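Here the protein sequences come in this chain order: H, F, U and L.
To convert, count from 1 in the first sequence and add 24; that's the numbering used here.
To convert, count from 1 in the second sequence and add 24; that's the numbering used here.
To convert, count from 1 in the third sequence and add 24; that's the numbering used here.
To convert, count from 1 in the fourth sequence and add 24; that's the numbering used here.
Bear in mind the hints are in silico, worked out from the structure with no lab data behind them.
Hints may be right or wrong, so weigh each one.
For identical chains, the list gives no copy identity; a pair is met inside one copy or between any two copies.
[Stated by the list, open to error] Here are the simulated EDC-like pairs of lysine to aspartate or glutamate, each with C-alpha atoms no more than 20 Å apart in a straight line: (1) Lys27 - Asp140; (2) Lys152 - Glu58; (3) Lys152 - Glu36; (4) Lys76 - Glu46; (5) Lys55 - Glu119; (6) Lys55 - Asp140.
Remember, predicted model here, so these are calculated numbers, not experimental data.
Protein chains: 4
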Amino acid sequence: MIKHLEHEIELEPAFYDIDPMEVVWHGHYVKFLERARGALFGRLNFGYLQMKESGYAFPIIELFIRYAQPLRLGQRVRVLARIVEWESRLRVNYEIRDAASGRRLTRAHTVQVAVDMRSGNMCYLCPKILWERIGVPPP
Amino acid sequence: MIKHLEHEIELEPAFYDIDPMEVVWHGHYVKFLERARGALFGRLNFGYLQMKESGYAFPIIELFIRYAQPLRLGQRVRVLARIVEWESRLRVNYEIRDAASGRRLTRAHTVQVAVDMRSGNMCYLCPKILWERIGVPPP
Amino acid sequence: MIKHLEHEIELEPAFYDIDPMEVVWHGHYVKFLERARGALFGRLNFGYLQMKESGYAFPIIELFIRYAQPLRLGQRVRVLARIVEWESRLRVNYEIRDAASGRRLTRAHTVQVAVDMRSGNMCYLCPKILWERIGVPPP
Amino acid sequence: MIKHLEHEIELEPAFYDIDPMEVVWHGHYVKFLERARGALFGRLNFGYLQMKESGYAFPIIELFIRYAQPLRLGQRVRVLARIVEWESRLRVNYEIRDAASGRRLTRAHTVQVAVDMRSGNMCYLCPKILWERIGVPPP
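Please build the complete structure, drawing on both the sequences and the hints.
This is the structure in C-alpha cells:
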C-alpha cells in the first residue's frame, strides 16, 4: 500500500445527522466520504479549487455504500479514503471504523471521471495533472 | 395585500427531515422557506438564473424563524411567502400552517440585499429590474 | 411488471441542492430516492410509521447510484422506484429521468433487511407483514 | 463573562455546503451553530442524551442569524457559542469569525424552552437540572 494515497479523518455524527431510529440516516454517509476524500486530495494539493484551476472537473459517476453497523450520536468514527485506481477513472475506497474499538462499520467506494471543462467532454484517460499530483504512475 | 406578491406551496416533511425527537429538525425549515421563496420569485420571472443574468445577486443577510408548533412526519403543511419590502432591501415574510387545520405553526422572515456582481458592491437601493419584476413601486 | 410494485414521483432540484459546479451534488440524490421509495411504501400502507407499528425496522444495508447525466436547477425529473426483491431482503431499483425528454439520467438501487425491533436481530426472511402489504408472494 | 458558559469550535465548510454563488448556503449555518452549541453543552455534561435522561427536551423556539460576510470553501472559521439566559428560557448567542484574521462574519442567537417529556408541557422556568449543569444561578 502506497501510504500517501490514503488518508484518514476522525469525526463524530452531529445531532442533525441522526434519524428517528436514533442512528445516522444512511444518506448522510455521503458527506462523511466527501470529507475524507476532500482531505486526501487537499493533502495532494488537488482540492476542488486546484482541480478547477487545472481545467478539469471530476464528477462522481458511481457511488456504492455497504452499511454493516449503524453509526450513533456520540460515537467517534474514523473514515479512511484510499485511491485505488487513477488510470482511466479515479476510484476511491472507503472504510468507516469505530474509533474506540476499530471495528469496521461501513465500506464504500466512489468512481470519478475527468471532464475537460473547456470542451465539456469526458476524458478516456485521467489527465496528466492528476497523475503528477498522485506522484506514481497508474498501477 | 397585493396578491401577486405572495405565493403558497404545499409540502410534506421527508423522513430525512425528522430528528430523534420525531419532529422536523429546526434547521431544515430554512429549506422549506427557500422553496416557497423560490416558487414566488419563479412566478415573477426572477428565479436564481434570471437574477444571475440580470447581473445582481441577492444574498440573504438576515434570517429569523419563530417555531410555535413542531412539524411531524406525514403532516402536510402550507408555506406562504410574501414580499413586504423591496426598496432598499428585499424582505420576505413566511407562515407555515398545517394544511388540514390551517393552524399556524411557524413564522419567519428573510432579508436580502442586492449585490452588483461586476463590482461586488452592495446596492443601497434594490435595482430597477427587481421593481419591474415585482410590478409595483416600493411601498 | 406488477404495476403496484412501482411508483413514480416528479420533483425539481432546489437551489440548496446545487453545488459550485452548477449541478445537483451527488449526495443529494439519496434524498430523491428516499422520497420515491417513501411514496411507494406509503401507497402500500407501509410507510415509516406503519413499519414501526409492525415491530420491524428496515434499515438500508446497501446503496448504489450510477450517475449518467447531471441534474440541474430548474430541471424537472421523474424518479421511479420499483420493488424487485422481497424474500430475504428488500431491493428497490430506481431510475431518474428528465421529465421533458424522458432521457434516463441516473440508475440506482437500495437493499434493506428487516430487523425485529424487540430482539434487535436481523431477520433472514422478510416478515409476513411485508409480503401482505406487497400483496404478492416473493418471486 | 463566565468562561465555562462559552465554548468555541473551529471548522471548515465542506464542498457540499457551498452553493452556486461559491459561498456557504445560508441554511447550512444552522448546522455550524448546532455543532458549537452541542460541544458547549457536551462540556457541561448536558448533551442531547443527558437531556433526554433528565426527562426534559429543549426545542428551539427562535432562531436569528445576521450574515455580514460570506463563508467560502477552504476558509477556516471559529464558531463561539455563549449561554446568556437560562432562567425562563435558554438563550445562546453565537459569533462566527474568520480563524486567520479574527474578523466577525456572522452573529446569531437561538432560544430554547424546556418541555417536560412526561406531560408534554412547556415549562415556565428552566428546570433545576439545567441550572445545576450550568453551575451558576440565573442572572
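Violating hint indices (sorted, rising): Hint check: 1, 2, 3, 6 fail, others pass.
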